[in-house]
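Number of protein chains: 6
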Amino acid sequence: MPRKKEIIVLKLSGSLFFSKEFEKLAINLKRVLSKKKNLRLVIVAGGGQTAREYIGVASKLGADQSSMDELGIRVSQLNALVMSKALGNFAIDRIPTTLEELVEAFEVSLQGKQAVVLGGLHPGQSTNAVAALVSEKLRASLFLNATDVDGVYSKDPRKFRDAKRLSAVTPSELSRILKSESMKAGGYDLMDPVALKLIERSKIRTRIIKCDALTISSTLLGQNVAGTRIRFD
Amino acid sequence: MPRKKEIIVLKLSGSLFFSKEFEKLAINLKRVLSKKKNLRLVIVAGGGQTAREYIGVASKLGADQSSMDELGIRVSQLNALVMSKALGNFAIDRIPTTLEELVEAFEVSLQGKQAVVLGGLHPGQSTNAVAALVSEKLRASLFLNATDVDGVYSKDPRKFRDAKRLSAVTPSELSRILKSESMKAGGYDLMDPVALKLIERSKIRTRIIKCDALTISSTLLGQNVAGTRIRFD
Amino acid sequence: MPRKKEIIVLKLSGSLFFSKEFEKLAINLKRVLSKKKNLRLVIVAGGGQTAREYIGVASKLGADQSSMDELGIRVSQLNALVMSKALGNFAIDRIPTTLEELVEAFEVSLQGKQAVVLGGLHPGQSTNAVAALVSEKLRASLFLNATDVDGVYSKDPRKFRDAKRLSAVTPSELSRILKSESMKAGGYDLMDPVALKLIERSKIRTRIIKCDALTISSTLLGQNVAGTRIRFD
Amino acid sequence: MPRKKEIIVLKLSGSLFFSKEFEKLAINLKRVLSKKKNLRLVIVAGGGQTAREYIGVASKLGADQSSMDELGIRVSQLNALVMSKALGNFAIDRIPTTLEELVEAFEVSLQGKQAVVLGGLHPGQSTNAVAALVSEKLRASLFLNATDVDGVYSKDPRKFRDAKRLSAVTPSELSRILKSESMKAGGYDLMDPVALKLIERSKIRTRIIKCDALTISSTLLGQNVAGTRIRFD
Amino acid sequence: MPRKKEIIVLKLSGSLFFSKEFEKLAINLKRVLSKKKNLRLVIVAGGGQTAREYIGVASKLGADQSSMDELGIRVSQLNALVMSKALGNFAIDRIPTTLEELVEAFEVSLQGKQAVVLGGLHPGQSTNAVAALVSEKLRASLFLNATDVDGVYSKDPRKFRDAKRLSAVTPSELSRILKSESMKAGGYDLMDPVALKLIERSKIRTRIIKCDALTISSTLLGQNVAGTRIRFD
Amino acid sequence: MPRKKEIIVLKLSGSLFFSKEFEKLAINLKRVLSKKKNLRLVIVAGGGQTAREYIGVASKLGADQSSMDELGIRVSQLNALVMSKALGNFAIDRIPTTLEELVEAFEVSLQGKQAVVLGGLHPGQSTNAVAALVSEKLRASLFLNATDVDGVYSKDPRKFRDAKRLSAVTPSELSRILKSESMKAGGYDLMDPVALKLIERSKIRTRIIKCDALTISSTLLGQNVAGTRIRFD
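Residue numbers (our numbering), protein chains in the order written: chain A, 1 to 233; chain B, 1 to 233; chain C, 1 to 233; chain D, 1 to 233; chain E, 1 to 233; chain F, 1 to 233.
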């Protein structure tokens, strides 16, 4: 029984939440879902500023690393809840907290509501890795990683004037770029090693784009080829 | 098999979280728990500022009342998690999300860790009502309601210079005070009708105090009789 | 993706269960559901006589108020199970025990079976409040409260010959009537304060009718305007 | 880490509930538990009259066998809840609904409360079989099956004057007696084949006694050797 | 709302797993499901060789009977998971572990995926009994019990040359055959008493066939009337 | 309330299961636990040969990477169950399947049984990473990683005669060794990047030893300093 639905996994940078952009994006996503009835969207929310605040308080009071991971996950799930509420009738009401629950929610969404929203799932695993895991599990046709930058650069664009945005990178090139000294300094979380390993082993079609309302919606509608895609030789 | 443990339920105003007072209170509570080994503390966290922010965003995007209740509950549970982390080895790790889970966590805590922390449980029910429900369920020897004010006044203290703090009120007097016009204006959430009904039907020993670190810890240690107690004729 | 389904929440008085009327109602409801394929019915069962018996035994043996609430909830859930069995293929098999489970069951029911049945959910909250909560959550087009009386009266109809059934009341009028001395004496549970607060805040379209098979089915079919509706000025 | 606790599983006939005997038994059990601090009691409640009523209603409305099993289980769980409330602080608050939950509850009870109460667990399995399963799982030192009769008879005591109560039977003798025509007619549920098979394979020490307060409490205290024991050659 | 789906419950012998036949069967089942879009298949997997290995290790180390049941159940659930993966998009992803979960999964499958796969559910209950229980619960139109033999014989076919395969047996005839000495020796698990009781009480249409890919698929397609059916006089 | 228990996390190589060594280890572990009453042992089981078999079958039938992860997790949980059964009364009965469940089981174990056994938890995460995560979460005093080799070597010991076992390595040295070509060829899973990151960020005291019964038990008893420890500069 092959499904005709188009499945896209969208990772949203935590910095989106509570910015002006959030509201715009919610409106754009509703418009996209109205237009493309066969689209099934799984949205993975990051933690962002609220996560940093809660973790900061816990850290000052002597909490361990594992507890801070846990706080980060809870905040990302709260962000997921707000996004789900913002999408209203387009989104499944419940925020899955395990991969099994995600699959069940998605199963239900196939027959009705077009979107499922989740946050982090498991300590020791970034929301990027969660998004890659979900893409693999649901055999998504696209993993759209919306980050604070508009793609992958040859060098750190904040340092080097001649840094160029790459239209495509292989997983091993990306791995090398992420490890290079200059990237560490900047510290922007484009992708983590676990996510990259999953993308590579299952050849997940992936694109890294800027996390703004217009870029995301036009990419979802296929009107835009911004950002950097991951290619497999 | 009558237990010799002293069980106290402490409701914390949501405004405590992320204030300077929070850190002080966490330190004080650890000190109290070290001193009184037979004390079992169940802490109920309110939602506060973060709750208002999340609800504000959802509201602007058209979410319904029930969804906002849900967001409020999740934030109070997040606050509970931070408090639990701040108490370290004194608190059970998991935040109960139903009354059944609370009872089970408490059962476990009887043999070891001295504190259980929770937030809201159920839409349509304030965290004050949750705290009263828990007090009734665990037959707590005291329900300590730490609020933004330091007790119950004969009139609105922000309006009337001759308002006097009452040392004791009956449930029906409190009910009348809460309904009076002047109180509505102020809008401080001392107690809600459901909580009051539970306090009355099970004659729960209750005291309303100011939510600051010193008042709370000295009251827990029995060194203080501040605030207003509820009396049953 | 706006839904075209008509969602009605029906609260059934606990006194219905094990009366002759129960069987008739089950048959009528099946007929209504066959006729109106776009109707989605969420039924909330009260506790009734069995609840009173179980609570009576527990009370005699010294159980606390909270335990009695719990027994009441379990019995109402058992009543819900019998109703669900009586509706056969029209009803979802599982009785939700939290609001989250209700929403999930309803989500599934949207694609297939037309009815979900539940009982109480949470101590300290009447089944009336549950029904109001569910109505708010699912944005029901109607909350039908089927009680032991056939509507709201200006005075206690058992005492005053000139008592008149009102065709409509505002939430605050109803609140006043419920609190008046004469009503307390009679003690019939038309509506409780939490339910009323929810109805008011979300302007839930509500009607109070007599809990008999004919009144309920004809009201569901829109052939009847019996009882008292709640109006918002 | 061998435990020194004495573990007894007590199956209570459903007919006990809501009889005068129930209240007496609850009081006796509390007394026994106070005396024997090392006793851990797992009580399995049957369904009885309430079960028959609920099943009767469902049957009249066309419910299938599986649904009736389910109703029977729910009622036995409700009976378990009442017994647990009647035992107050001696019993774990939560009624386990799977064998896993029973083991977890028992684990907790080892450190504190002395009793766990449960009802049926799974369709197609009698509460007798549940009690045998629990006895096997917890390696109970005794399975006490309290039934409507005071032991196993050589013939149906209601028909034959010369019927004699047997002091001991082997599993295969009991199996033969249960299958004989005369027993079927009487229909009293001494033991079912699944329970017998479990008793036999794990050589569970078992005794069949009359379900009255005095017989049960004196047997628990070791002051009584009434009824029929199962012996293994 | 009567459903037009044809519901078949298929019990697979544990010996199938990891044999050559397994792969063939998976391919055949996919073909059958493609052809018969209105077919809903619930597959119950047995434990087989892996179960025997795990149980053997545990037994040598002194585990009790109940623990071995548990291991058998887990292995059958693992076998179920492999079958579910082998059916790819035709099967619900999650393996139900209680009857309630099975019903929920089936509910979802009614709208989309055509197959649900499960293993054992509960200690003290064979996978044959599980399959009968599921057949009863879902009111399946057929319970297909695929075993190591190709039907029920008048005598043990491995001992007696004149043993004849019966085209039909009544539950009581089958019960008698299963109990006869010669059958015990062979020990093949055609059916157990609990399963038979369920088949009898709900008159479940049942057929016992050989567990090979061709027999199963042709029986599902209605092209084959091999094996022995159970008849009710 | 600082605990005086010594907490050790022991990762067992999947290759142990169903080898002769397994039985010996179970016996040794029981002896160790009898001797050291204050020891709390959390055992993480790998998947081994059975995992490879199940994954092999699924792979041949076209299952995706995520499904194979899932099969590997289930098999490791089955191995955990066998180990738990082999430890009898020393181990908690239930196998945790999430980090939350692990913490709860451990909480209970603090008061009684000395061991908790688990397998994998989450797709995309090796059982090594699980063991590191658990060590971090429980603030274990030691993470003992029992693998197929007896420590970390300067070069691949199967290729180079002059390879030397190192008594200690830093996380970054180990990371470099794991990435070197020769190691990949051998493919033995000493440690994965996620586990290493956790060890590093929380400075978890870690030792890599040979997975045989004698080495493990003598290391647990503090009589042995075999293998390679991870050191933090």
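Derived by calculation from the structure, the hints in this document are not laboratory data.
Owing to the predicted nature of the structure, the values given are computational and were not obtained by experimental measurement.
Hints may be right or wrong, so weigh each one.
Said to hold, decoys possible - In silico DSSO-like pairs for lysine-lysine, Cα to Cα no more than 27 Å straight-line: (1) F/K5 - F/K35; (2) E/K203 - E/K179; (3) B/K37 - F/K155; (4) B/K20 - B/K5; (5) C/K36 - E/K164; (6) F/K37 - A/K60; (7) D/K4 - B/K5; (8) A/K197 - F/K155; (9) C/K210 - C/K37; (10) F/K197 - A/K155; (11) B/K37 - F/K4; (12) B/K197 - A/K36; (13) A/K179 - F/K203; (14) C/K203 - B/K60; (15) E/K4 - A/K4; (16) F/K155 - F/K210; (17) D/K60 - E/K4; (18) B/K60 - B/K4; (19) E/K60 - F/K155; (20) C/K60 - B/K197; (21) D/K197 - E/K24; (22) E/K37 - D/K179; (23) D/K5 - C/K60; (24) C/K36 - E/K60; (25) B/K179 - A/K60; (26) C/K20 - C/K5; (27) D/K155 - D/K5; (28) F/K36 - F/K60; (29) D/K60 - E/K179; (30) A/K5 - E/K37; (31) F/K5 - A/K179; (32) A/K197 - F/K4; (33) B/K4 - F/K5; (34) A/K210 - B/K35.
Right, here's what the structure says about each hint:
1. F/K5 - F/K35: At roughly 14 Å apart (the allowed maximum being 27 Å), F/K35 and F/K5 satisfy the hint.
2. E/K203 - E/K179: holds, 21 Å
3. B/K37 - F/K155: Judged against 27 Å, a Cα distance of about 55 Å means the pair is violated.
4. B/K20 - B/K5: violated, 31 Å
5. C/K36 - E/K164: Distance of about 55 Å is beyond 27 Å: violated.
6. F/K37 - A/K60: Since the Cα atoms of F/K37 and A/K60 sit roughly 35 Å apart, the hinted pair is violated (cutoff 27 Å).
7. D/K4 - B/K5: holds, 25 Å
8. A/K197 - F/K155: Status holds; Cα separation ~25 Å.
9. C/K210 - C/K37: holds, 25 Å
10. F/K197 - A/K155: Answer holds: F/K197 to A/K155 is near 25 Å, not above 27 Å.
11. B/K37 - F/K4: holds, 16 Å
12. B/K197 - A/K36: Violated, at about 51 Å.
13. A/K179 - F/K203: Holds, at roughly 22 Å.
14. C/K203 - B/K60: OK: C/K203 and B/K60 at ~19 Å, within 27 Å.
15. E/K4 - A/K4: holds, 24 Å
16. F/K155 - F/K210: holds, 17 Å
17. D/K60 - E/K4: With a Cα-Cα distance of about 25 Å, the restraint between D/K60 and E/K4 holds, given a limit of 27 Å.
18. B/K60 - B/K4: violated, 51 Å
19. E/K60 - F/K155: violated, 40 Å
20. C/K60 - B/K197: holds, 22 Å
21. D/K197 - E/K24: violated, 37 Å
22. E/K37 - D/K179: violated, 46 Å
23. D/K5 - C/K60: The given pair, whose Cα atoms are some 31 Å apart, is violated under the 27 Å limit.
24. C/K36 - E/K60: This hinted pair is violated, its Cα atoms lying about 63 Å apart.
25. B/K179 - A/K60: violated, 41 Å
26. C/K20 - C/K5: Answer violated: C/K20 to C/K5 is near 31 Å, above 27 Å.
27. D/K155 - D/K5: violated, 38 Å
28. F/K36 - F/K60: At roughly 47 Å apart (the allowed maximum being 27 Å), F/K60 and F/K36 break the hint.
29. D/K60 - E/K179: violated, 36 Å
30. A/K5 - E/K37: holds, 19 Å
31. F/K5 - A/K179: violated, 40 Å
32. A/K197 - F/K4: Between A/K197 and F/K4 the Cα gap is close to 41 Å, so the pair fails against 27 Å, i.e. violated.
33. B/K4 - F/K5: Status holds; Cα separation ~25 Å.
34. A/K210 - B/K35: violated, 54 Å
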